[in-house]
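> Protein chains in written order, with my numbering: chain A, 1 to 138; chain B, 1 to 138; chain C, 1 to 138; chain D, 1 to 138.
These aren't lab readings, by the way, just hints derived from the structure by calculation. Be aware that one or more of the hints could be misleading.
27 Å max Cα-Cα, derived DSS-like pairs, lysine-lysine [as the list claims (entries may be wrong)]:
1) D:K129 <-> C:K130
2) A:K129 <-> B:K130
3) A:K69 <-> C:K61
4) D:K129 <-> C:K129
5) C:K130 <-> A:K61
Protein chains: 4
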Amino acid sequence: MTAIEGEQWQVEFHSGIPVYRQVVNRICSALAAGQLQPGDRLPTIRRLHELLGINPNTVAKAYRELELKGILVSERGHGSFVSTDPSPPPPDAQERRARLDSFYRRILTEAAGCGLTENEVIQFIQQRKKNECHGRKV
Amino acid sequence: MTAIEGEQWQVEFHSGIPVYRQVVNRICSALAAGQLQPGDRLPTIRRLHELLGINPNTVAKAYRELELKGILVSERGHGSFVSTDPSPPPPDAQERRARLDSFYRRILTEAAGCGLTENEVIQFIQQRKKNECHGRKV
Amino acid sequence: MTAIEGEQWQVEFHSGIPVYRQVVNRICSALAAGQLQPGDRLPTIRRLHELLGINPNTVAKAYRELELKGILVSERGHGSFVSTDPSPPPPDAQERRARLDSFYRRILTEAAGCGLTENEVIQFIQQRKKNECHGRKV
Amino acid sequence: MTAIEGEQWQVEFHSGIPVYRQVVNRICSALAAGQLQPGDRLPTIRRLHELLGINPNTVAKAYRELELKGILVSERGHGSFVSTDPSPPPPDAQERRARLDSFYRRILTEAAGCGLTENEVIQFIQQRKKNECHGRKV
DNA sequence: GTGGTCTAGACCACC
DNA sequence: GTGGTCTAGACCACG
Numbered sequence: 001m002t003a004i005e006g007e008q009w010q011v012e013f014h015s016g017i018p019v020y021r022q023v024v025n026r027i028c029s030a031l032a033a034g035q036l037q038p039g040d041r042l043p044t045i046r047r048l049h050e051l052l053g054i055n056p057n058t059v060a061k062a063y064r065e066l067e068l069k070g071i072l073v074s075e076r077g078h079g080s081f082v083s084t085d086p087s088p089p090p091p092d093a094q095e096r097r098a099r100l101d102s103f104y105r106r107i108l109t110e111a112a113g114c115g116l117t118e119n120e121v122i123q124f125i126q127q128r129k130k131n132e133c134h135g136r137k138v
Numbered sequence: 001m002t003a004i005e006g007e008q009w010q011v012e013f014h015s016g017i018p019v020y021r022q023v024v025n026r027i028c029s030a031l032a033a034g035q036l037q038p039g040d041r042l043p044t045i046r047r048l049h050e051l052l053g054i055n056p057n058t059v060a061k062a063y064r065e066l067e068l069k070g071i072l073v074s075e076r077g078h079g080s081f082v083s084t085d086p087s088p089p090p091p092d093a094q095e096r097r098a099r100l101d102s103f104y105r106r107i108l109t110e111a112a113g114c115g116l117t118e119n120e121v122i123q124f125i126q127q128r129k130k131n132e133c134h135g136r137k138v
Numbered sequence: 001m002t003a004i005e006g007e008q009w010q011v012e013f014h015s016g017i018p019v020y021r022q023v024v025n026r027i028c029s030a031l032a033a034g035q036l037q038p039g040d041r042l043p044t045i046r047r048l049h050e051l052l053g054i055n056p057n058t059v060a061k062a063y064r065e066l067e068l069k070g071i072l073v074s075e076r077g078h079g080s081f082v083s084t085d086p087s088p089p090p091p092d093a094q095e096r097r098a099r100l101d102s103f104y105r106r107i108l109t110e111a112a113g114c115g116l117t118e119n120e121v122i123q124f125i126q127q128r129k130k131n132e133c134h135g136r137k138v
Numbered sequence: 001m002t003a004i005e006g007e008q009w010q011v012e013f014h015s016g017i018p019v020y021r022q023v024v025n026r027i028c029s030a031l032a033a034g035q036l037q038p039g040d041r042l043p044t045i046r047r048l049h050e051l052l053g054i055n056p057n058t059v060a061k062a063y064r065e066l067e068l069k070g071i072l073v074s075e076r077g078h079g080s081f082v083s084t085d086p087s088p089p090p091p092d093a094q095e096r097r098a099r100l101d102s103f104y105r106r107i108l109t110e111a112a113g114c115g116l117t118e119n120e121v122i123q124f125i126q127q128r129k130k131n132e133c134h135g136r137k138v
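Kindly produce the complete structure, drawing on both the sequences and the hints.
What follows is the structure in structure tokens.
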């Protein structure tokens, strides 16, 4: 059993975000959180298909994309594994900044579309963070 | 000339967010910010088409959607105007909270997909806010 | 009509090389040869599907892979285009050398599997080159 | 100990070429180079399995294929041996030429897919040959 | 009419 | 039983 399976996590079919993309994001997220380590075996395509109730091809598409990105390695007959190759050097500060900037602008427009204001979002995040810290202390 | 035109604002063609949606979001955002007031006239479809370099059908689709939401009113031969009807009561705290929650979860997974961590995003937002305050003081 | 269509070129269904990969390679090849220039429009997915007698999804898979590599850009409703973004800097001499080395070792074993010897292959290539030069002179 | 074992040679797990095929090719190659002579005993399946770190079934599959081609003869309880039967007459010039031709076209498209040009490949091969000759002189 | 997504299902290659 | 490829076909989103 892998970290991915262990998580209670579901695909949102009506979020507008492609299912295969949700899978990609979920794995990236698990990776960033250290729930998946280089060399770890991922659930088989068929397993995720059963687990998430999505078509095996959809899982395969997600895995394939991650493989092209060099994040995982698939071995026929064996399974798929988190790549042990040295991951590409993390983007430098400038690139990072640019991404954050673009990302932020993007979520703001999306927020507006949901009827949420920038301030609301910021307050929510700060509030959330405070609670989290509080929670940890306890 | 309207508030929308005055803004230097561009469509991002490769952001993955549909162009028509960006237009919708932009207008919602202007409304929330008070840059557009009830009764204000919006740019004509043709005008936005020229201004943003997007297909007139795309603008039309955005306006149609806003009209369906009751945010716009189109008067044949005159143009489109921000509705003067009492806008629907703002969602109550609970609904708002739910939206924020769902919205937040969503952008976090998206961030992970871009190689950004939750902390990075939070820090960026806070930093940005501080700078903004500073900027206003000056 | 694009450079790709203009070429008489066919998919080899029984070569053991995946069809979508042949499409990818063909386009890379056309690009390297200058038959495709940045900004050029590629045949639509449906067009290649008709032209090559392969499933549209297979073409889409090839295009998708090229898009992930940053070689082309697909615009919904418009078509697919050779990316105008500055292509990633060509691999340095060392990387190139490594690739050639690995590539060469690979084709040698493949040749052996076909009953061809290294010398045969080398001679063939040199002969071919000579003919080509001769042909050009005439 | 056999010629095959003596060679420092490894399976490339991520080359895209099936492992069993690499084994087949390696043996064909050794045969063509005279490192293996008719009647020579090949390593046992178990031995190659240990040596190369591959599944015994994979070795078995390679041997089976070679046996079908008449290149090997397996004698139960004794091992596998290079066939002493007169090998099938080498393909005539025409057949050979055709194979080379098809082979060459194939590797060229593959090269393009790796970002290598025809000239690069040719130069590499010629350079390599020159070095090799030089090396032999010394 | 363009590309995108997803499903269903078949068959293959590999281990 | 693993992943890989391909097909067929449906439906959607976009312009």
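> Determine for every hint whether it applies to the structure shown.
These are the hints, each one checked on the structure:
A hinted pair counts as satisfied when its Cα atoms are at most 27 Å apart, and K129 of chain D with K130 of chain C qualifies at roughly 17 Å. Taking the CA atoms of K129 of chain A and K130 of chain B, the gap is near 17 Å; set against the 27 Å cutoff, the hint holds. For a cut-off of 27 Å, the pair hint linking K69 of chain A to K61 of chain C stands: about 15 Å separates their Cα positions. A distance of roughly 16 Å separates the Cα atoms of K129 of chain D and K129 of chain C; the hinted pair therefore holds under the 27 Å criterion.
For the hint pairing K130 of chain C with K61 of chain A, the CA-to-CA distance comes to about 45 Å; that exceeds 27 Å, so the pair is violated.
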